[in-house]
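All chains should be built: construct the whole structure from the sequences, respecting the hints.
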Amino acid sequence: MMTHDAGLTDPAGGGAVERRGLGMRVIRHILRVFFYLIITALALFAGGFAVFYQNVASLAPPDNPKADAIVVLTGGYQRIDQAVELLSKGAGERLLISGVNPATTGNHIRLLTRSSNDLFECCVDIGHEALDTTGNATETARWIRSRGYKSIILVTNNYHMPRSLAELERTDHGTDFIPYPVETDVSPSELASNPLLIRTLAAEYVKYLLVVSRDWTGIPI
Numbered sequence: 003m004m005t006h007d008a009g010l011t012d013p014a015g016g017g018a019v020e021r022r023g024l025g026m027r028v029i030r031h032i033l034r035v036f037f038y039l040i041i042t043a044l045a046l047f048a049g050g051f052a053v054f055y056q057n058v059a060s061l062a063p064p065d066n067p068k069a070d071a072i073v074v075l076t077g078g079y080q081r082i083d084q085a086v087e088l089l090s091k092g093a094g095e096r097l098l099i100s101g102v103n104p105a106t107t108g109n110h111i112r113l114l115t116r117s118s119n120d121l122f123e124c125c126v127d128i129g130h131e132a133l134d135t136t137g138n139a140t141e142t143a144r145w146i147r148s149r150g151y152k153s154i155i156l157v158t159n160n161y162h163m164p165r166s167l168a169e170l171e172r173t174d175h176g177t178d179f180i181p182y183p184v185e186t187d188v189s190p191s192e193l194a195s196n197p198l199l200i201r202t203l204a205a206e207y208v209k210y211l212l213v214v215s216r217d218w219t220g221i222p223i
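If you read the sequence shown in our numbering, its first letter stands for residue 3, the second for the next number, and so on.
Keep in mind that the hints were calculated from the coordinates and are not lab data. Computed from a predicted structure; not experimentally measured. Treat the hints with caution; some may be incorrect.
Straight-line alpha carbon distances no greater than 25 Å define the calculated BS3-like cross-link-like pairs of lysine-lysine that follow [stated by the list, open to error]:
| id | residue 1 | residue 2 |
| --- | --- | --- |
| 1 | 68 | 91 |
| 2 | 68 | 152 |
| 3 | 152 | 91 |
Right under this line is the structure:
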């Protein structure tokens, strides 16, 4: 009569258990590395956003700016009002309003900004081609080259200024762009009470990162 020897083990079964144990250790290691990478990426994103926020919050329009011409990127009539006011004060000899809806005429903008007809007739150009900030840069660069300008006062919202400058300086290396930010309240108290502002700043930061990444890598994004 044969008896089962409890002291003997199945080599094949033992190997399978060992392989399963090794596989679990590898999986745990991969998950741990993945977790640390996520934490690091989040920390870098948060740190970069803090720097971006501080830069935006510290932007202020210069006193009595002077340049060959003025460019305003559409996105709100507050920007256009400010640009037209600069033009009327002689800060530049001409104004380009870039990225205007094709259905919007210069006369419509003039009425909304309560500007003089003579000022618009002589010194304001309306750009209808741009659909986004990259398009604004292309449209602006073409306008600058056609008129031979060397210095431009750039008017846009403060949170939009970093990305706008990055796009314009990439498209036109030979022009001196003078930032003239239109202030949006980004104070800590406003952030605490306005979740939409936080989302707007975060979205603009992501777009800015994409522009910087594109310029570093040369890969279209």
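Contradicted hints - numbers only:
When the structure is compared with the hints, none of them turns out to be violated.
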